[in-house]
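Protein chains: 2
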Amino acid sequence: MYKSAVVTIGNEILLGTTLNTNLAWLARELSAIGLPVEFSLTVKDEPEAIFQALKQAWETCDVVITTGGLGPTEDDITKNSIASFFGAELVFEPEIWEEIQKMFAFRKMKVPECNRCQAMVPTHFKALKNERGTAPGLFFEDGSKSFFAFAGVPLEMKHVFENQAKPLLLEKYGNSNQVWQYTLHTFGVSESALAELLADFPKPGGIDLAWLPQTGRVDLRFYGLAKNAVEETANRCNALIENYVWGKNEDTPAQVLLNILQEQGLQLSVAESCTGGLAQKMITDVPGASEYFLGGVVSYSNSLKQSLLDVNPKTLLEQGAVSEQCAQEMALGIKNLTKSHVGISVTGVAGPDGGTREKPVGTVCFGFSDLQGTWSITHAFNGDRESIRFKAAEFVILTLIKHLRRTIA
Amino acid sequence: MYKSAVVTIGNEILLGTTLNTNLAWLARELSAIGLPVEFSLTVKDEPEAIFQALKQAWETCDVVITTGGLGPTEDDITKNSIASFFGAELVFEPEIWEEIQKMFAFRKMKVPECNRCQAMVPTHFKALKNERGTAPGLFFEDGSKSFFAFAGVPLEMKHVFENQAKPLLLEKYGNSNQVWQYTLHTFGVSESALAELLADFPKPGGIDLAWLPQTGRVDLRFYGLAKNAVEETANRCNALIENYVWGKNEDTPAQVLLNILQEQGLQLSVAESCTGGLAQKMITDVPGASEYFLGGVVSYSNSLKQSLLDVNPKTLLEQGAVSEQCAQEMALGIKNLTKSHVGISVTGVAGPDGGTREKPVGTVCFGFSDLQGTWSITHAFNGDRESIRFKAAEFVILTLIKHLRRTIA
Numbered sequence: 005m006y007k008s009a010v011v012t013i014g015n016e017i018l019l020g021t022t023l024n025t026n027l028a029w030l031a032r033e034l035s036a037i038g039l040p041v042e043f044s045l046t047v048k049d050e051p052e053a054i055f056q057a058l059k060q061a062w063e064t065c066d067v068v069i070t071t072g073g074l075g076p077t078e079d080d081i082t083k084n085s086i087a088s089f090f091g092a093e094l095v096f097e098p099e100i101w102e103e104i105q106k107m108f109a110f111r112k113m114k115v116p117e118c119n120r121c122q123a124m125v126p127t128h129f130k131a132l133k134n135e136r137g138t139a140p141g142l143f144f145e146d147g148s149k150s151f152f153a154f155a156g157v158p159l160e161m162k163h164v165f166e167n168q169a170k171p172l173l174l175e176k177y178g179n180s181n182q183v184w185q186y187t188l189h190t191f192g193v194s195e196s197a198l199a200e201l202l203a204d205f206p207k208p209g210g211i212d213l214a215w216l217p218q219t220g221r222v223d224l225r226f227y228g229l230a231k232n233a234v235e236e237t238a239n240r241c242n243a244l245i246e247n248y249v250w251g252k253n254e255d256t257p258a259q260v261l262l263n264i265l266q267e268q269g270l271q272l273s274v275a276e277s278c279t280g281g282l283a284q285k286m287i288t289d290v291p292g293a294s295e296y297f298l299g300g301v302v303s304y305s306n307s308l309k310q311s312l313l314d315v316n317p318k319t320l321l322e323q324g325a326v327s328e329q330c331a332q333e334m335a336l337g338i339k340n341l342t343k344s345h346v347g348i349s350v351t352g353v354a355g356p357d358g359g360t361r362e363k364p365v366g367t368v369c370f371g372f373s374d375l376q377g378t379w380s381i382t383h384a385f386n387g388d389r390e391s392i393r394f395k396a397a398e399f400v401i402l403t404l405i406k407h408l409r410r411t412i413a
Numbered sequence: 005m006y007k008s009a010v011v012t013i014g015n016e017i018l019l020g021t022t023l024n025t026n027l028a029w030l031a032r033e034l035s036a037i038g039l040p041v042e043f044s045l046t047v048k049d050e051p052e053a054i055f056q057a058l059k060q061a062w063e064t065c066d067v068v069i070t071t072g073g074l075g076p077t078e079d080d081i082t083k084n085s086i087a088s089f090f091g092a093e094l095v096f097e098p099e100i101w102e103e104i105q106k107m108f109a110f111r112k113m114k115v116p117e118c119n120r121c122q123a124m125v126p127t128h129f130k131a132l133k134n135e136r137g138t139a140p141g142l143f144f145e146d147g148s149k150s151f152f153a154f155a156g157v158p159l160e161m162k163h164v165f166e167n168q169a170k171p172l173l174l175e176k177y178g179n180s181n182q183v184w185q186y187t188l189h190t191f192g193v194s195e196s197a198l199a200e201l202l203a204d205f206p207k208p209g210g211i212d213l214a215w216l217p218q219t220g221r222v223d224l225r226f227y228g229l230a231k232n233a234v235e236e237t238a239n240r241c242n243a244l245i246e247n248y249v250w251g252k253n254e255d256t257p258a259q260v261l262l263n264i265l266q267e268q269g270l271q272l273s274v275a276e277s278c279t280g281g282l283a284q285k286m287i288t289d290v291p292g293a294s295e296y297f298l299g300g301v302v303s304y305s306n307s308l309k310q311s312l313l314d315v316n317p318k319t320l321l322e323q324g325a326v327s328e329q330c331a332q333e334m335a336l337g338i339k340n341l342t343k344s345h346v347g348i349s350v351t352g353v354a355g356p357d358g359g360t361r362e363k364p365v366g367t368v369c370f371g372f373s374d375l376q377g378t379w380s381i382t383h384a385f386n387g388d389r390e391s392i393r394f395k396a397a398e399f400v401i402l403t404l405i406k407h408l409r410r411t412i413a
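Protein chains in written order, with our numbering: chain A, 5 to 413; chain B, 5 to 413.
Do not rely on the hints blindly, as some may be mistaken.
The list cannot tell twin chains apart, which means a pair is met if one copy fits it or any two copies do.
[Stated by the list, open to error] Computed list of lysine-lysine pairs in DSSO-like fashion (alpha-carbon distance at most 30 Å, straight line):
1) Lys133 with Lys170
2) Lys252 with Lys114
3) Lys363 with Lys133
4) Lys207 with Lys114
Since the hints were derived computationally from the structure, they do not count as laboratory data.
Go ahead and model the full structure; you've got the sequences and the hints to work with.
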């Protein structure tokens, strides 16, 4: 079985000012193609530290990947350390320099001279095209071993890995040790209640189950080397807890919702208060959302709730903006204003201030209005402002999914 | 200068299913008390891997901290590896067992037998009380060196570090080596152009500068042991590049914008198309935004651009929704609709589809309308849909900051 190592280079990670999200992403990608990460090292932007880390990783693993330290300002150190470790010279490659110049021209900017260093490539290395930034990836192989260096910006690293490194790795190492995964996304049930439902669920040997609590919901991931057994086990599990499963694998709440709207030929609009645009942002994360999502209103002030959404001033006065009555009027109001088939709304106390004894921080009211009528629910979320807003935005989407699915059945 | 190392133990980190947030948190805490992290290692829940990692860290650093591997199910491996590395025996400590039993009794639960192992402590080690869970921390010292082991659950790790480990570290090492930081956030200038501007910038000895590229902008972080010198250097740098600096340290674009709106007594509203609500979400990330942010519209469909924002159908027909004319009409429209002082708008091609030769994916038009008039700009972003949307939402906020600051001057 092949082994890989990830070396993260960057003072900012060791100062704690940047979270190492690259490691988690690379670890998932590498596991999935049968090159699980054996260990990971994080070191400073210092030649000796980089050299020693490369030594340790290269001596023990088949595939070594570094991230960070390839920007135009810190480039020299990392690239020199890499070249020195592999006994290579740095050579200027005019083609890369041309690509960098084109990129700046597209942005109508002058190319600063210090970017020249990004066109330097160690001898015997291959430069990997980076269409998302100016630092190309680097690739070197020695017999059965492979070395890759990527820029630290996650967007650029992911782009170069997916488009350049992954095909090279699949060709060289095959994917016979590929770990297959099948994820069920659940909603509206606690982890422990789910565990009780699945207490006697029989899992064949070689299939593992990971419980992955997400913010406000739980994912179940089955994984193993036998693709069919993984799928079959996940499907059996799905049949047991079907009412709680809203999606599978790469599904997102917004994508699933848009699929249902498409199936049912419905157009949606949204009125948000405490989530401030987040629910609509999630829906429009999906390319092509515009066919079934018309748009909506962020009625952050009470005046907009009245003037745009036709919320009754009496409702605001007597029951407050955070009330089921207000949520219903907002949902009906946005449906009428935009002439959509379905209107939904979110209004709540996201905190940290604004909570009362009756409506503490985390209280959120949701409104739903469609051809069948208008209704509402209230839910209490815990956590800080950010997580309350995130959970509330997902909640309104997931609840609408549940509602629309029942409508078909 | 003292040095520390963090060893993370856990298969889930190397599978990529868990993000290593413990490292970033510990790194900040340790830097702040003068024990900066020299390097960090992440290894599997395997005795030999743990042993080797402890060896590498203990040989080179003054303070070694491990996280993970102390739960009731995986406890034996880690604790045995630690004991074996330090040549200790595991001894049952009845007092800890009593604490664990009390904790379960409080939750009205039976103590599973596997929790007994959590009362085992290596000889010469001190158990550190964990009031958030069942796995106590472990502490060992040898001359000037200190070793700590914490459970991997962030809540428990932080609790034991803050209440038990930090006081011990401060007493033993003092905090005369505290690292001070000062960050300048820039916008509208590339990393390499900034590097040219600062090519001759004199940095006193002992002050380091980290270049931190964010998505679409760059942060400069000065750090060192002398608080005054760090601040003074950052301020001198700020004076040189003032036109590009939008904030300092913990500032966010939305917070800075809201402060300016407050200073100038202005109320804002927003019309978004391609960003789908993200700009408004960012603004409302700030508690108390409602005083200066009224709300806005997500006019995802052309029909809403016309009916709510009063965009001229001729504009849409002749110049398209992604045009400076449309952006200006949207900004003016949302200002009028909401009776705000300032209206801003975003309309563009976020991709992956919808690009043309004239308006490729990444083309975004921004509109601004206030008492002085209505104007617009166009910017070309690269990246995928997610990053184009993110950069565009930050861009409209940061551009408004620049505009409003000039207005005062």
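Next item on the list: Hint by hint, work out which the structure violates, then give me just those numbers in ascending order.
Entry: none
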